[in-house]
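Q: Protein chains in written order, with my numbering: chain A, -15 to 97; chain B, -15 to 97; chain C, -15 to 97.
If you are wondering where the hints come from, they were derived from the structure by calculation, not from laboratory data.
Each hint should be verified, as a subset may be incorrect.
[Stated by the list, open to error] No farther apart than 20 Å at their CA atoms in a straight line, the calculated lysine-lysine pairs in the PhoX-like style are these:
#1 Lys17/B x Lys34/A
#2 Lys78/B x Lys34/A
#3 Lys78/C x Lys17/A
#4 Lys34/C x Lys78/B
[Claimed, not checked] Cβ pair distances, simulated, as ranges:
#5 Lys34/B x Thr35/C: 23 to 33 Å
#6 Glu7/B x Gly14/A: 39 to 49 Å
#7 Pro71/B x Glu72/C: 36 to 46 Å
#8 Ile90/C x Val53/A: 34 to 44 Å
For glycine and all other residues, C-beta sits at the position ideal for the given N, C-alpha and C.
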Amino acid sequence: MPQLTVRGIAVERLVSVSKPMVEELAAVCGCGKDNFTIDRLATTSVFEGKTTETYPFVEVAWFERGRDVRDRVAETITRFVRQAGVPEVEVAFKEYSEAAYYINGIACDSGES
Amino acid sequence: MPQLTVRGIAVERLVSVSKPMVEELAAVCGCGKDNFTIDRLATTSVFEGKTTETYPFVEVAWFERGRDVRDRVAETITRFVRQAGVPEVEVAFKEYSEAAYYINGIACDSGES
Amino acid sequence: MPQLTVRGIAVERLVSVSKPMVEELAAVCGCGKDNFTIDRLATTSVFEGKTTETYPFVEVAWFERGRDVRDRVAETITRFVRQAGVPEVEVAFKEYSEAAYYINGIACDSGES
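The shape of chain A in the complex, shown without the other chains:
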């Protein structure tokens, strides 16, 4: 974590910006680069009775870090997605609780590691 789950942005576009984007996100969040994952979902979208391109969307699943960091994470992702050639994107944050997140069976609030 943070875990970026992406839909509606081509893999090649993500590949093209992933390295500098994650470097900057790691600096903003104050954590290591290898804490980040970027997973693109395979989707088929439908609108007005036809299949259509999926609207570009990034969900960031994380432990809440407060308004300032959240704003900067959203701004960073938006800027790199645009740089990758996607003019519009929405970014939403989903909070996980440390008490309900388990790494290899150990809850993140347990003090163990």
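Following the hints, complete the assembly by docking chains B and C onto the known chain A.
A: Using the frame of chain A, we list chains B and C on its own:
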């Protein structure tokens, strides 16, 4: 938003009902039709040691609009999914917070647009 | 529900452990085996400017059952995923509210069934 993320319902079935379903959902929610997205996830499901069909499920990600609207959105989706030939479906709502949802880098609670 | 949404674990690995895993989860949760679904998402992951394998992750969507049950569900999933040959896995819980979960159009808090 609202964003409908669907699993376990064939694309052709979604295509067949998407237009009238979204028209009705827009009326229920009091927003434009083009605020809605319908994304179907590619899934493989497993049960009892075998792959199986994915159970029909629709997650509605949105800003909370209260019980009455929620009930009517769930009823509308359920009715159209049945009309598309799927007898059983579960619908769940996931709330996003306006302070944690960014459109082109601007938070939805910011007053900017 | 509970609904297990999996990424980064091969379908064959899930198939190999799904039966005993769900039997044990049903005992832990005190509900029927057929309440559980296991859906694997199709994903493409990106890291450091390249596509990469998706990190093994299981999201459990459910109605909250408290710390003890949650710990045991996480432990059970982790143990079976390891038995399937995946050494590391993260498990996170996403709560749905009974008032916002509809089975065939009926909310789960409605008293109807």
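Q: Looking at the structure, which of the earlier hints fail to hold?
A: 2, 3, 4
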